[in-house]
Each structure stands twice: as structure tokens, then as C-alpha cells.
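Those protein sequences? They're chains V, A and B, same order as listed.
By this note's numbering, the letter at position 328 of the first sequence is numbered 328, and the numbering carries on one by one without gaps.
By this note's numbering, the letter at position 185 of the second sequence is numbered 185, and the numbering carries on one by one without gaps.
By this note's numbering, the letter at position 34 of the third sequence is numbered 34, and the numbering carries on one by one without gaps.
Quick caveat, the hints were computed from the structure, so don't treat them as lab data.
Treat the numbers as computed from the prediction; the structure is a model and nothing was measured.
Ideal Cβ placement from N, Cα and C applies to all residues, glycine included.
Careful: at least some of the hints might be erroneous.
As the list claims (entries may be wrong) - Under the rule of at most 25 Å between Cα atoms (straight-line distance), these lysine-lysine pairs were calculated in the PhoX-like manner:
#1 V/116 / B/89
#2 B/323 / V/118
#3 B/322 / V/135
Claimed, not checked - Chain A side only, calculated, beta carbon under 8 Å to chain V, not exhaustive:
#4 8
#5 12
#6 16
#7 68
#8 87
#9 89
#10 121
#11 122
#12 124
#13 169
#14 172
#15 191
#16 219
#17 221
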Amino acid sequence: MIKYWLVIMAALGLIAAPAAQAQVSDGVIKIGVLTDMSSLYADLSGQGSVIAARMAVEDFGAAKKGMKVEIISADHQNKADVGSGIARQWLDSDKVDVIVDTPNSAVALAVSQIVKEKGKAFLVSGAASSDLTGKACSPNTIHWTYDTWALANGTGSAIVKTGGDSWFFLTADYAFGHALERDTEAVVLKNGGKVLGKVRHPLNTADFSSFLLQAQSSKAKIIGLANAGGDTTNAIKQAAEFGIVKGGQSLAGLLVFITDVHALGLQTAQGLIFTEAFYWDLNDKTRTFSKRFAELDRDIHPTMIHAGVYAATLHYLKAVEALKSDDGTKVIAKMKETPTDDPLFGKGTIRADGRKLHPMYLFEVKKPSESKAPWDYYKLRATIPAEQAFRPIDQGDCPLVKK
Amino acid sequence: MILGIPPQALFGQLLIGLINGSFYAMLSLGLSVIFGLLNIINFTHGAQYMMGAFVAYFLLQGVGLGYWWALLLAPIAVGILGVIMERVMLRWLYSLDHLYGLLLTFGLGLIIQGLFRNRFGSSGLPYAIPSQLTGGRNLGFMVLPNYRAWVIVFSLAICLATWFVIERTKLGSYLRAATENPALVQAFGVNVPRMITLTYGFGVALAAVAGVLAAPIYQVNPLMGADLIIVVFAVVVIGGMGSIMGSIVTGFGLGLIEGLTKVFYPEASNTVIFVIMALVLLVKPAGLFGRAQ
Amino acid sequence: MATAPDLVEPDLPAAAAGPARHQAVVFALMVAAFVVAPFVVYPVFLMKALCFALFACAFNLLIGYGGLLSFGHAAYLGSAGYISAHAAKVWGWPPELAILAGTLGAAGLGLVIGALAIRRQGIYFAMITLALAQMLYFFCLQAPFTGGEDGIQAVPRGMLFGVIDLRSTLPMYFTVLAIFLAGFLLVYRTIHSPFGQVLKAIRENEPRALSLGYGADHYKLIAFVLSAALSGLAGGTKAIVFQLASLTDVHWSMSGEVVLMTLLGGLGTVFGPVVGAVIVIGLETYLAQLGAWVTVVQGAIFVVCVLAFRRGVVGELARFLKKPL
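Could you put together the complete structure from these sequences and hints?
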């Protein structure tokens, strides 16, 4: 009798065991890099993010560990409806397990919502809005690289403390610009400064002349550029045409990438002060990575967004390996439990609200005479330790954080 | 202070408005000329404006020919493309409802813009201001970049030259006659189809010149003509189709009004031209300078 | 006296005064296909196609039967989307009321724009509708309640009539199908009614219609408002399905797309807009990987249709079968 039951149990066990083990859906970990491939963020993110993701998969050694990893990519064209349509299709019918990057906060917010509904994973490197770990935080989203609060805190307070106490904002009119303006204004006011005026411009504006004139007539000491990519470079170039800097006002680029400095040239960009999370020339490990990256990406050196995609993907794969599952919510929880360690950001941690913590750096752009080689653009002014760089966890209104 | 606004802000925005108006005037002039003779709304105008800027970019990057060469060569190159387009495609539509011409040129515009966007992305390529025109002049209330002053002067010159040719020369009189009664003019021995083709080429060339002018200011961008063209349509409706002086005056005038709006009520600056169009339609449907048909 | 050339080809079999039997057969086939489809094809794609099919049918009412090319029809799709999204998200209305609000809003907008545009004809009419739609676009860009570039996100799908949970795909799909069929039948009824006949008469020879005592402007305006309302119905439904209302739906390129769908499908045919919408949405989805090639292909289809294929897919089929479709 017992033998009979033992046989039954064994048979059931044999059937159940494979089902218990094979938890990586369809046997493939599919990574979707959703980015801007053709518009104003294409250089700081774009194809470079896909390359960074591939490098992470290679360095993780997926093939040797017997894990199958696939990478696909798509262009969200900076439109929330295009981005959310792609995300929905990827998660519904293309079996994508994790979405990575997504510059453009409006798209990122929409995608975060969809990822949460479907229980997958979202690793944001490109978008900036601090709402992603604030009121729009989600158990399926990790915000890597940087956010508007960190930028405001780094750049904003540094400038106010050195005398730039009256500001005029030139803001890109969407989620990112609004968040950056809001966070920077808070820092300026907290440090005793004043905001004399603001003007909003559409995304991807070519001609800033009328906005710059308004900034000029406000007579603010600092014109804060709450925009990024092509918008920032255009505004800086045209400000030079209209003699704004010669007239005594200074421009504060609140979000500047090394690709922007490259596009502007050191002659125009020298003296700009801003906060970034990564620079290719910081230490030997970053230099090795960047050399490999540049060879793959037409000699463009990696921006902090590319670095973030690499680091996030690496940490994700480690978590999947440990869990033996790619269930989105579980992997994100595992990523938060495990401290991070990668060659680009060093050691760090991820908080309950999804915010990744690492030091931020205040850089100044070198003068042409100080630069010894192409892409040798920054000097390090200050390092902001991880605990101080990001918004304190209890100030974000994130529902995941218990008070 | 004038009306509560510092003169600095007022004159500065008016000047910028005049610069925008230059582009409105040149583009609406081209559209008006083409519509007058061919009765076709050239939706491709925006794409042809963009191609003018790109030809300037290619000339600089590829062959090293600068801005002044581009001003001459780009309109010729794009004009020739326009002539080919007219010969190969547009002329089959003259016997059909005019709306098909609009649809065809719309489709062509999509193709051209799509091809360029594919190749060059949509965030704009840099084109430097020619060295002779860099720098600015301090006018007291603002620094006026020399290049922008040149834009106003040059476009005014082109517009007036076009007006002169059409309204005061023999060639222009043939053109105007052919607009009113092509069959009769043909009977007099004037080659009307060839005139139509050349007129289309000329209108397109005007768009291309505007594109070259725009390249240093607005950056060379595959989508630069797309939203602009709709504003120009509104300008043409306000000015009255087929009236050359009407297009010029309305173009500059609306640029100024837009600039004024930016000072007093910036949120409405995008829509003020359309509001004016709605008003003109209610009061004088043929347009301010148009002839009632 | 020569009459102005007609936008719709003269040798297209004309719709009879009442519904024809073969059209009922085609209709039944269409319904059957859409009922079975979600089990075979990705339902979200189908819902998108159905919304746009309704939009195209509404547009076809105006151009195929009224002879009026409105180049700013996105205004009604998009504004209804914003209104429905706002009603559902901020006011907490149930989906059927939210969509109704969008439809009525679009109808009102159609009344205002139509009244202005009808003062001119032909090309001028088209340009005026385009310019006024662009004005609406800029308004939507600036107005705080539309969320500008971000759009209105996280729109709740809600419970239809308080009973049917629209968050699951199949109930949502069949709701959309029902809405589409209602709109389609309304268009069909309008075309085959005395009103529809007068509209066609005005399209073919306005002076004669006027001389017969028909107030042409009146008829044109009514057709315009009806077309705007149904476009609004499509837009409101789309906002609820995709839980997002964005600037894309009020942009002029959306106006161009609906023209493309109707032209490709067949101007002035009953089923043409549906076929055109499915093809165009299919192309967009299939070619989405290729980015900007979608625009190029759309432009190429425009050019080919205008030069050589003016009757459209269904139009050519109708001519071949010698029956109105």
C-alpha cells in the first residue's frame, strides 16, 4: 500500500518539479530599451543606451551561465502615446520582461503606470522627474542615474551660495521641465534667493530669441535653463548671439550632458557649472568602460544615462540569477534588498521608494586651453555624498514609504 | 515705460516679430504666386523651404561652399526639383477638382519630410552664421544680431523685387493675364504650360531662399517647415490669395502683431494669427487685399 | 454651363435611396469578422482600428457625400479625447457619460468651426478648417487642464453602466465594437435618407440645389456637426481605451491620416473608410520599428491614390462588381 502511494507521490513530484524550476518566463529574459532615437535626446541616450545594455549583458556573462538574454529597442519619439503604446505591446504580446532607459519624463510616467499594471519591471535611467520616486512611485520601478531634486540640490545651491541669488527660469513645457523648475526654485528660495520670473517654451524649440529677450529684461543675475539636450544647446548658443552673458547675466544649465558640451564646443561652454552622476574620466574603471563604449558608438563617450543603463541592467541580471525568476515585482524587490556594485557607480543602495543612491558630482567645463584631448571637458569641483545628494525618503509623498 | 511695459521689452519683441514676419511674407508670397496661376495650394511649400536649408547645409559640409553660394544655388536646385515635380505629377491634376492638388502636394510633403527625418533625425543640425554677419549692434534697448537685421533687409528686397516683376514688367503682365484667361493668352502665342511650370519653379525657389535664410537662426531640421506652413496658410487667407502686395504687407504685419502679443499676452502668441483669420473671415471673406470671386 | 469637377468619381455606382441587400450581406460579414477577430489578433490593435474606422466613417460623411474637405478633423477627435479623459479622471464620471461628454463637446466645436468655415468653399474651406484646428492645437498645448506635452494620463476605464468592468480586455473590446457599429449605422442611415440625397445634390451642383429651394449652407452645417460629433465619439472612446489623451490627437498630422484612410478606402463608399482605417493602422503598427518610414509610406500612398487610384480599394471593388459598396 505504502509503495503504491510512494509511486504516486514520485510521479506527482516529477511532474511538479519542472514547473517549480522553470520560472524565467519562456526561458528568455527579454530587455526592451525604450528611448529617443531621432529627436533632441538621441545623442545623450538613443542608440548609445542600446549599446550600454548589450555591454552589460556581455559583462554579466549570460551565455556562460546558461541564461538566454535578448535585447530589443524602440523609438518613443518623445510622445507619451507612442511610448505607452510600445510599452503595452511589448509587455502584452512581445514577452518583454523589463523596460530600460526612457528619457522624457512624460513618457516614463506613462510607462511606469503600465508596467505596474502588468507586474513587470522598469529601470529608468534617462528620465529626470523626481515624481518617479515621489507621488508616482511604484513597486515595479527603479529610478537610477539622477533626478530633478539631485540636480537642483547640486547645481542650484552651489550657484546661490556663490552669489547668484536672483533667478529667471527658461523651462521646457512638460513634466521634466516643470519638475526641474519646481525643485530648483525651492532650493533657491531656501538659500535666500529670489525668482524674478519664468517663461515656458515648447519642447524642441529652435528659436529662443523672444524667450531670451524676456530673460534679459528681467535683469535676473542667473538665467536657469530648466531644459535638456538640443533645447539647452540652442538656448546657450543664441544667448551668446544676443549678448546676454556680455551684458552681465550668467546662464545656469540645470541639466547638461557631455554630448551637449561636445556639440557646443569649449569656447561657448566654458565655465558652465552643473551636476552629473558620472564622468568617463573619473577613475580607471570608468575609463576602461568608456574606451570600450566609444569604440562601439562612433567615438561618442558615454553620458551618465548610458552609464545608468549599463549599471541597472547588470544589477537586474544579477537579481534574476539569484531569484531564478524574472517576475517583475519580485525582481525589483530583490534589487532593492541587494546592495549594488558596478565599475561605473561603485557601491550603492536602492531605497524602498525605488531611488538608487550614489554620489553626485559638481563639474565645471574647462577652458579650451585647459583641455588636452577631445572629450577632456570637465574639472571636478565637488563630490556630494550619496546620503546628501538625493531627496530624503520621507519628503517625497511616496505611498510605498511607511511614515 | 510704454503702456506699462519697458520699451526694451516692447521694441525687442517687435523686432523679433519683424524677423518672423519676413519669413511669413516670403513664404506666403511663394504660395500666393503659385495659387494665383495654378490654383493649387502647394502643401509641399514647407518641405521645399526645408530642402533649401538642407541644400545650404550640404553645400557647406560636403563641398565647402558657404552661405553666399547657398543663397544662389539652393533656390536653383530646389526650383529645378519643383519643376520636375510639376511636369511629372501636378499637371495631370489640372482637370480635376482642385482639392486633389492639395492632397498630392500634402502627400509629397510627407514623403520628403519623412525621408529627411529618417536620415537626419528630428533635432536639428547646426549651421553657422556667415562670418561677415556675426556680431551684433547695441541698439540701447537690446543687442540686435547683425544676421537678423540682414534677414529683414534681404527678405524685404526679395519681396519688393518679386512685386515689381509681377506688377510692373511685361513678363508679369503675361502672368497676370494667364491667371485670368489662360486660353486667350495661349491663343496669343504665349506658351502657357511652360509659363505655369516656370511659375511653380519660381514659387518653390522663393521657399528655398527662405530656407537658406532660416538655416543659421532656426537650425536645419527636417520638421522646420511643417508647423510653419499652416501659419503661412492663415497669413495667405488673411491677405487674400493672388494679391502680391497683400501677401507681403500681411506677412510683415502679422509678424509684428505676433511680437506685440508676446509682450502683452504671451500665452496667446501662437494663436493670435488664427484668431485674426477667423475675424477677417467673418468681416471680409475675400481677405484684406483679395478680390471677391 | 460646365459644372465644377466632382471630388468623387462619376462612374462610381451611386448609392440607391434605400439599403441594398448585398450591402446587408457585406455588413453581416464585417460584424462577424470583428466578433471573431479579438481571439485571433491582438485586441488592443483591433480597438485602435475600430476607433479610427469610426473616425474615418464620420469624415467620409463630410467629404464623400457632402463634398467638403475638412483638413482639421483631428480637432474633434482630440478635443473629445481630452474632455472624456478629464471627465473620467477628474470628475469621476462613468465611461458612458464621459464618452457622451466628449461627443457633445466635439459637436459644439464642430458647430463653431463649421459656421466659420462654410462661409468659403473648396480650397478655402479646407484651409480654414486646417487653420482653426491648428489654433485648437495651440490652445491644447497651453491650457493647464490638458497637461500639455504630458497629456492626461492614467485615465480610469471604469465600470460601464456601473456593471461591466472595462479593465479587462474583452468587455472593453465589445463595448468599442458596439459603439463603432452604432456610429456606422447612423452614418449609413444618414446617407440613405432624404437628407443624404439633398447633401449629394448640393455636392454635385450647388447652384441648382439652391434654385430648387434647399438652404445649402444649412445642410452643409448639419452634416459638419454630425461628422464632428461622430469623430468626437471615436475620440472619447479612444481616450478611455488607451487611458491617455495627448497632443497627437489634435495635431494636423492626425487630420492628414484620416484623409488618407478615407481616400485609400474609397471616398463616397460605405465600407471604404473601415477598410482604409484597418489598412493604415495595420501599416503603422507593422512598420513602427522602422520609425520615420511610416510617414514616407503614408505620403507615397497619398500620391499613388491621387494620381492613379482615386476610387480607393472599396471604390475599385464596387466598380468591378458594378454594385454600390
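Consistency of the hints with the structure:
Only pairs whose Cα atoms come within 25 Å are accepted, and residue 116 of chain V paired with residue 89 of chain B is accepted, the gap being roughly 18 Å. For the hint pairing residue 323 of chain B with residue 118 of chain V, the CA-to-CA distance comes to about 48 Å; that exceeds 25 Å, so the pair is violated. Restraint check for residue 322 of chain B and residue 135 of chain V: the C-alpha separation of about 62 Å exceeds 25 Å, so the hint is violated. Look at residue 8 of chain A: its Cβ gets to within about 5 Å of chain V, closer than 8 Å, so that hint holds up.
Interface restraint check: residue 12 of chain A against chain V, minimum CB-CB distance 4 Å, threshold 8 Å, status holds. Interface restraint check: residue 16 of chain A against chain V, minimum CB-CB distance 5 Å, threshold 8 Å, status holds. For residue 68 of chain A, the interface hint is violated, the least distance from its beta-carbon to any beta-carbon of chain V being 20 Å, above 8 Å. A distance limit of 8 Å between C-beta atoms decides the matter here; for residue 87 of chain A the minimum to chain V is near 33 Å, and the interface restraint is violated.
Violation of the interface hint for residue 89 of chain A is found here, the shortest Cβ-Cβ separation to chain V being roughly 28 Å, above the 8 Å cut-off. Evaluation of the residue 121 of chain A hint against chain V yields a held restraint, the C-beta minimum of about 4 Å falling below 8 Å. Given hint, residue 122 of chain A at the interface with chain V, holds; its Cβ is 5 Å from that chain's nearest Cβ, closer than 8 Å. A hinted interface residue such as residue 124 of chain A counts as satisfied when its beta carbon comes closer than 8 Å to some beta carbon of chain V; here the least separation is about 6 Å, so the hint holds.
Interface hint at residue 169 of chain A: violated, since its Cβ lies 36 Å from the closest Cβ of chain V, which is beyond the 8 Å cut-off. Interface restraint check for residue 172 of chain A: the shortest CB-CB distance to chain V comes to about 34 Å, outside 8 Å, so the restraint is violated. At a threshold of 8 Å, the smallest CB-CB gap from residue 191 of chain A to chain V is about 42 Å, leaving the interface hint violated. The restraint placing residue 219 of chain A at the interface with chain V holds, with a minimum CB-CB distance near 5 Å, inside the 8 Å limit.
Because the beta carbon of residue 221 of chain A sits about 6 Å from the nearest beta carbon in chain V, less than 8 Å, this interface hint is met.
Going down the numbered hints, you'll see the structure goes against 2, 3, 7, 8, 9, 13, 14 and 15, while the others check out.
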